[in-house]
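Colleague: These are the residues of each chain, in order.
2 protein chains.
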Amino acid sequence: MAKKAAKKTVKKKTTRKTTAKKAEVKNAFYAQSGGVTAVINASACGVIETARKNKGKIGKVYAGRNGIIGALTEDLIDTSKESAAAIRALRHTPSGAFGSCRYKLKSLEENRREYERLIEVFEAHNIGYFFYNGGGDSADTCHKISQLSKSMNYPIQAIHVPKTVDNDLPITDNCPGFGSVAKYIAVSTREASFDVASMAKTSTKVFVLEVMGRHAGWIAAAGALASDKDTEIPVVILFPEVPFDQAKFLKRVDDLVKKHGYCSVVVSEGVKGPDGKFLSDQGLVDAFGHAQLGGAAPVVANMIKDGLGLKYHWGVADYLQRAARHIASKTDVDQAYAMGKAAVQFALKGENAIMPTIVRKSNKPYKWAVGKAPLSKVANVEKMMPKNYISKDGFGITTACRNYLTPLIKGEDYPPYKDGMPKYVRLKNVAVPKKLKNKFEL
Amino acid sequence: MAKKAAKKTVKKKTTRKTTAKKAEVKNAFYAQSGGVTAVINASACGVIETARKNKGKIGKVYAGRNGIIGALTEDLIDTSKESAAAIRALRHTPSGAFGSCRYKLKSLEENRREYERLIEVFEAHNIGYFFYNGGGDSADTCHKISQLSKSMNYPIQAIHVPKTVDNDLPITDNCPGFGSVAKYIAVSTREASFDVASMAKTSTKVFVLEVMGRHAGWIAAAGALASDKDTEIPVVILFPEVPFDQAKFLKRVDDLVKKHGYCSVVVSEGVKGPDGKFLSDQGLVDAFGHAQLGGAAPVVANMIKDGLGLKYHWGVADYLQRAARHIASKTDVDQAYAMGKAAVQFALKGENAIMPTIVRKSNKPYKWAVGKAPLSKVANVEKMMPKNYISKDGFGITTACRNYLTPLIKGEDYPPYKDGMPKYVRLKNVAVPKKLKNKFEL
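Chains as they are written, first to last, in my numbering: chain A, -7 to 434; chain B, -7 to 434.
Do not take every clue at face value.
Copies of the same chain look alike in the list, so a pair counts if it fits in one copy or across any two.
Listed below are the simulated PhoX-like cross-link pairs for lysine-lysine, each with C-alpha atoms no more than 25 Å apart in a straight line [to be verified]: (1) Lys45 to Lys375; (2) Lys264 to Lys379; (3) Lys322 to Lys47; (4) Lys297 to Lys359; (5) Lys264 to Lys359; (6) Lys47 to Lys243; (7) Lys264 to Lys303; (8) Lys243 to Lys369; (9) Lys322 to Lys402; (10) Lys297 to Lys269; (11) Lys49 to Lys142; (12) Lys410 to Lys322; (13) Lys415 to Lys251; (14) Lys142 to Lys369; (15) Lys193 to Lys73; (16) Lys322 to Lys415.
No lab work stands behind these hints, which were simulated from the structure alone.
Remember, predicted model here, so these are calculated numbers, not experimental data.
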């Protein structure tokens, strides 16, 4: 399904081309949006390095401090103050080097003021390119800016750089950020499964790992990669797409423990019971009656204890999974960089209101190319896991899913280390002097 | 402190030497005990490879299936059936390849039958060497076996191979298994801190990570390595050694968030309140009144929400931390192997009732050597963190602690990968034919 969609995109040529005034070299604005990933900085690296290689055609790259908020408040970072080595190091540094934010611009009708402010800031700093690095919401924002640019007659080319660990952007075969989380979850599940297998005779028999994914089970699905032909591991996946059936789940765990002596469970934070409530939302209270924060993993572990009397351990990967640059997928790093690079190249060709995409050409050997998609088709579309990716019993993945996922975790791309610790870069993040007199209240 | 102790050991020559009958080549027994680690198999590799290099002096290495239980039930694994490549692969495979167990032998007085059974099995399989790979409890067992060997007049050389992520064995400067957990926690804390720093402007301001360590704060201390001169990160460590003071803790978090915009908290699972109760033991109940499994991290996160109104995220590393061979410390892998190798070499020199130790020679550059300690001094002694390793405010580590920890996480030792996944070995684990008629009930 994902493959077909991607192919379609490549063939289509829909986007309106805005010709930037060639005479005047415009600056670029780049911002990071939403939850950060292990490789979003690799996209930033791709944007900045490609812009630097095209100095005659594109001016400075100004980054928004804390994402789009930096543009609204005219808090811009001058990336030209960073050395080539520092920018290169972004490729192996997780998190958002310029700061990200969770700040969704309202619709044009609801808050036109915000969009006008953006144009005002862009104009003040001679910005003609808008590179927005994020997920579905930011694709929507990016699209609106390109529309506003037209209606306000301020020429700006808006290009969206895809990023999301949730892997839920449409048209692109996969999203930068996802492959590295998938690798982390697959590797961690394999390692923890080896551990519990060693202990199962007299101690822990079930290990439960909670992973991200409120709506789509892509990350949870990666847990199934822990097991393969060479290393068979009993893994139960709990997808948000499959309503949780406690009796069926416990039976499955019981069967696997009887057969293998142990099993691992990978539970998505987004799993819901038949009542539509999140498993993690159990209305827990502590001894003082305070509401207690739950997680899906302890709830599932508790069921295993109460229902089967088996010794369990549970873990919650949380930020560790999306920040784990130390075990990033090389495919993912390469693609994240390529998306940033392509965004600038598309912009220099006069493209507007598009998003570079990853187009899968073949599985074995894995081959991919850069495509593009019109933002009108990307904004507000969430790509769920295809039904034929989840096994019939609802607890595992199909061969089609395995074939889709495997290339995305392929290859290692280790950061450099010093004294046993990864050398991640902290940029200077020098502010661009403000030019506007009026302040903007968020 | 640790250094002094280690030096002392090296000078002492206390152990009784049992001269194995040179004429007859005896087999060896090897077993893994207690919680497994990322590098316990590297010790197994050291034992087996060194025994194989000394074929004229030592016979086969039989491993206990599921640890000492395998010896009691005469369920032995013939490691000679494994290829050289498979044994070599143990060096990069986490978990216990032969199975481990949590099974503490009682005292000789309480259950002499168990010890007699061990001797019976050893005699049946011509076993003259007992290599026991574990923590404090297994050092004790190992010591008892050497004593029994004497009193029962069955010659067996008992050598303990140190292993514990808790780093709490005495005399040895550090314990194989700890360095890799420390590296995992340091790296993960740095990565998650970079993540939360990116998000702090509009979203998460505090990240809480729960780590292992019921009694000693060694693992929690490693979280402080996330921050260094190049990469200053505000980290609060909660040690089991320091009674938890909620008001002081919240003040500390508040101060750091005000100063840096965010902070990370590394909380040991063993942290106790002033009432002596584990923080994690909050008597939680779910909507149906069922007791709910807690963790220390969600409890701490809840305090931050209630007390400071800050947005938080929390993670629980659990088995991921001790199984994470993908980010093992090279120092740790080398030392784990060296301990296994030394155990066999000591045995061949006629040593008995000892444990090879790691002796720190210098910090910069880090140099270490193999020493030895008599089991009489190792058994039932728990090494806690020295007081001068914890900062005065109780929330961090001192320079002395940093100097101690840093070399232990140094170096990377990546496993080989196939299709994006680490190639960990699963041994054939062929059973040795039983020779005894009587079964043993555990």
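Colleague: Which hints from the list above does the structure break, by number from lowest to highest?
Modeller: Structure breaks hints 1, 3, 4, 5, 6 and 8.
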